[in-house]
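Listed here are the chains, written in short residue letters.
Number of protein chains: 4
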Amino acid sequence: MTNQTPLRAAVIGAGYWGPNLARNFRNGPDWDLVAVCDLDAERAAKVVGGRSTVEVMTSTTQLLARDDIDAVAIATPASTHAHLALAALEAGKHVVVEKPIADSSRQARKMIERARELDRVLMVDHTFCYTAVVAKIRDMIAAGELGEIHFVDSVRINLGLVQADVDVFWDLAPHDLSILDFILPGGLAPTGVSAFGADPIGSGQSCVGYLTLPLAGGTVAHIHVNWLSPTKIRQMVVGGSKRTLVWDDLNPQQRLTVYDRGIDLDKMVDGRQKVAANVSYRLGDAWAPALPEREALGQMAAEFAASIREHRPPRTDGEAGLRVLNVLEAAGRSLAGNSGLTPADSMAQVNV
Amino acid sequence: MTNQTPLRAAVIGAGYWGPNLARNFRNGPDWDLVAVCDLDAERAAKVVGGRSTVEVMTSTTQLLARDDIDAVAIATPASTHAHLALAALEAGKHVVVEKPIADSSRQARKMIERARELDRVLMVDHTFCYTAVVAKIRDMIAAGELGEIHFVDSVRINLGLVQADVDVFWDLAPHDLSILDFILPGGLAPTGVSAFGADPIGSGQSCVGYLTLPLAGGTVAHIHVNWLSPTKIRQMVVGGSKRTLVWDDLNPQQRLTVYDRGIDLDKMVDGRQKVAANVSYRLGDAWAPALPEREALGQMAAEFAASIREHRPPRTDGEAGLRVLNVLEAAGRSLAGNSGLTPADSMAQVNV
Amino acid sequence: MTNQTPLRAAVIGAGYWGPNLARNFRNGPDWDLVAVCDLDAERAAKVVGGRSTVEVMTSTTQLLARDDIDAVAIATPASTHAHLALAALEAGKHVVVEKPIADSSRQARKMIERARELDRVLMVDHTFCYTAVVAKIRDMIAAGELGEIHFVDSVRINLGLVQADVDVFWDLAPHDLSILDFILPGGLAPTGVSAFGADPIGSGQSCVGYLTLPLAGGTVAHIHVNWLSPTKIRQMVVGGSKRTLVWDDLNPQQRLTVYDRGIDLDKMVDGRQKVAANVSYRLGDAWAPALPEREALGQMAAEFAASIREHRPPRTDGEAGLRVLNVLEAAGRSLAGNSGLTPADSMAQVNV
Amino acid sequence: MTNQTPLRAAVIGAGYWGPNLARNFRNGPDWDLVAVCDLDAERAAKVVGGRSTVEVMTSTTQLLARDDIDAVAIATPASTHAHLALAALEAGKHVVVEKPIADSSRQARKMIERARELDRVLMVDHTFCYTAVVAKIRDMIAAGELGEIHFVDSVRINLGLVQADVDVFWDLAPHDLSILDFILPGGLAPTGVSAFGADPIGSGQSCVGYLTLPLAGGTVAHIHVNWLSPTKIRQMVVGGSKRTLVWDDLNPQQRLTVYDRGIDLDKMVDGRQKVAANVSYRLGDAWAPALPEREALGQMAAEFAASIREHRPPRTDGEAGLRVLNVLEAAGRSLAGNSGLTPADSMAQVNV
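Protein chains in written order, with numbering that gives the first Met the number 0: chain A, 0 to 351; chain B, 0 to 351; chain C, 0 to 351; chain D, 0 to 351.
Next up, chain A with everything else stripped away, as it sits in the complex (with noise of 0.2 Å):
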């Protein structure tokens, strides 16, 4: 196989992503869409559109059967995820799964061994990772321009319908968690989790959740994720001993703003004072890097080509799938334990 013939795709399922994904390994020179499969034939004839030889197919075993697919993207719901992709890895064919990557972690780490003995790429379609903007906080982390990584802030909320299978951590989390496995120099290892979870409408599944990551050396990664804002927030605050740079992803003038200046420390060791009462808004320069604009999920779909044709791990493979699981199960457990927090009666006992 050289770098000029397109690798040979199918998409499983057409629901929500199906289509994004089916848009995106249709164009460019990397891959040839061959077919679309769910079980709902209209729905996957939707997605190929008309005047197009794409096929719609409604079995994912025949899908499987082929021999003239490579790989396969799969965007159906989580808990299908281990069996769809199981059964592409064994036919043989290199798999791309939606984000999170199974339901369990036991099943993840089931589909990383086999992709590895089946010598396959696997890859999670963590998609917030082939934005030009979190390459570019990675890069700049990864160079040193921050310096020591203080705290990582993650704001990601918006009107959201309550699912019936999924909280709000399990539906939105997974975004931050794969965003700060990808830029922490280590990845994602938090030494421990503290989550709290609010259904303040009733409706049996956590709406508004607060994750607290402590990392070691101090640092700490804290995420809030809501689905009954009717208004979206998506804002990330990496703080750092040199710089400090804030994301502001529905700001597409000015996504990403790196400021110059963090805490000088020998002035606070030396002086441990109140800052002075005319404090300016901001105590140095600021620069806002110029970012291509660029699909993300074109990207990813690059990605999952090169590596399958070089023979490499992607950049977002199995193994960063199963990192943000282990933080979602770890939530599960401390949601589960009361969330630790200091009982009320306790406040009671200071009351007047």
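You can trust all of the hints, since none of them are fake.
Subject to a maximum C-alpha distance of 25 Å in a straight line, what follows is the list of computed DSS-like cross-link-like pairs (lysine-lysine):
id: 1; chain 1: C; residue 1: 135; chain 2: C; residue 2: 231
id: 2; chain 1: B; residue 1: 231; chain 2: A; residue 2: 135
id: 3; chain 1: A; residue 1: 241; chain 2: B; residue 2: 231
What the hints contain is simulated information worked out from the structure, not anything from laboratory work.
Knowing the structure of chain A, use the given hints to seat chains B, C and D on it.
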């Protein structure tokens, strides 16, 4: 004493906040600023300024012994609040004290008790409660315009030099807590407290702090305070069953935005399906109420005068200060108790 | 022909805008994209993409001779619009043409006349008129919600490379002019035109342009178009006697803001005094209507189909295109006539 | 007189701006505010405030006769500037006068001439020139950081009640003109002026105004002033061959943004092709310099003192005031001459 005659005030403490108090007790019809008192006479003189007959004093004992002073505003370190306020009350003065009301709830209760016994006004300068935006939020909630409150999320981050005597919770969170106390119908009454603090710079104090406060009925309030960010974020989101509001205090052109749509419960309970792919940025109209630009501290001074003249508790009385203090103390106990983290080894267990 | 059968379209021109047209004539129930035509077959093939049966053609003569094509969308340089559109009309096709409709009003009138005689739809792709925000503005004005229009100010600046054949007025102002034509109750009907162009880089073309368009009743429209700014500004202010709206097209979270307060005439005529010192930022509530996020070009294609099926002029018909062209031509005459500048020597006279 | 002794000042006029002047001449080491003078003693007394020994006066004759006053700040209506300033100069006082310097260039020249003959400082309070942001812009241009200036575009719109004696040009444009005079290397020296004013509310004055000022070398400055907008816009774009800056005065967090990229001339001259379809929002990095938050008026007062002590012209001297006035007068002539509009009948001619 009639409404015509201004009340006579003195400011104790000419440091960070004292000059602001002096300016506001000097202007307007309610107050006549008699003296500014500070151990450092030069600092006090600078607050008083030239061509002025406002007196400079260095002894609080002499100040409190004067019978031409009706009230004092105390802007000294928190550890001195109780001592000075009690002395002032004993001397028959009305007292407004900077936040936090004291450095322990025991002291705060004593202050409240003595003020009641001596029939003097005891007020806490919860300045934000006197801004037009907080007044508007309180009114909207009270009028039921947001419906039931689902969550409150507050972020207050900026560059602040580390202090020897207080951590980031004691420095910044009183603002958020006093606002919550003011806007929530029943005042600040969490059913528990979970606090997490990080000290990534090794300063010996929490520099990054998260406070989770479950409230009755499944509601949650969450506060993020942070000294390590070179850019300011001052944002509060109040989510309700009918409307949600976003207060961005650094956008003077549009501090407050009210979103007309919350979650449609019926649709949710029936459907429980993922919201459609082409979610628009916002699904309902937004509304930005006109807010007068006025100095909050001037409103605070006016309320202090009104409460004295009308012989009634001020809107931010000693009890409000105590409720804030109770949460700060409970946060301290949570921090001491390891913040209820799910231990890291349970993470390690599930790693490959 | 019933509503059930899609209309058959071809796109002529596979350059800058052609791919967008092709995409929108390809999706949805209204259209069946039969062919893409370009002198450069490779470019056309790239637009068509892989696994597609959309035909690639290089001859417009052959294309127009086909009887399985109902309509063509012309996205070639402006100087070729009239020739191609007239040929297509003669061949019985309905025509939508990119803006500006032609490179001279004489040609545009010929196109309008022939379309009328041949009973074919002639439409101009004034894309912005099919955005949700412009539709909302038009509706608000038509419903009298702004009151009488006092002024319209439009700014459209971004980095654009200088072109050999058109200046910044011909490149960018058609957007603003077509929007004005669409939203103003009587269409675009200035009582005069004043144009000023600057070419500070010596390119031989105006790169910075200002257009002043007095309208009936003392109203004025003003347009600033600019190729030399590395940052985009896309802002239109429509001031009315009751309300004023600000459209910031680069703020997807709040594109349109409507301010509830205009000028209080009575107060003004009586008082004629300077507004007080402490003017607040905004004296009335603001309102940001919810706007659906939809692709304008898809709406344009739908309107093209509907006008053909319903045998009626489209909302942006040839006359609209001609009105825009008339202003561009008048602007050219103003530029040739020295833009009506008060000569510099009258300045010199009054200098010391 | 040494640097140690403050200069003695009086403020004439206690209306809109007088209190701000009084406050700034009262604070700081440079000035000792001796008196505030206004025909309305009560208004002057209110500016002075309680517990103050600053004198209240109602006669400028008596004021100017005093020998314990070194300088006066005149904040009365423009029509009285010349008379008062000349009287003050004759009395040996240094003078700072509000903008515009006078209501005719003839008067302004007389003021400049007398100040020179009497060896007194004559300054105009072009307040914006003393802001940190304008100082930064001036420095950047002077240092060649923007390259050659290509265009300057200024927008200053807000709700302002119509005045009996001045139109929107005389009310607002002096701000923009004084800034241009300050930042442009050779000062404000347009080669012509074109002004257009609209009065859509029938007030008898221009309420919406556009000023076009061609400058040497193909550069253009353009100013939009507007009283009829309920929302403020305060934006200036300075486009240069190397960099372009955008000043948004209503964004205190990031007032000034400098874009690192202008137009690449070589590429342009060779190619002369339309920029590619997927233009990103911004093609170069942006930079937001840190700016101290300080009160401009305090800097103005300091410069006034320094120019007196150092026996040199202030940065905004009478000549600067005259250059601004010259443009206002030329704008008036342009308005009187029909603003050089291309007549409407030439439009009618080309209509169908």
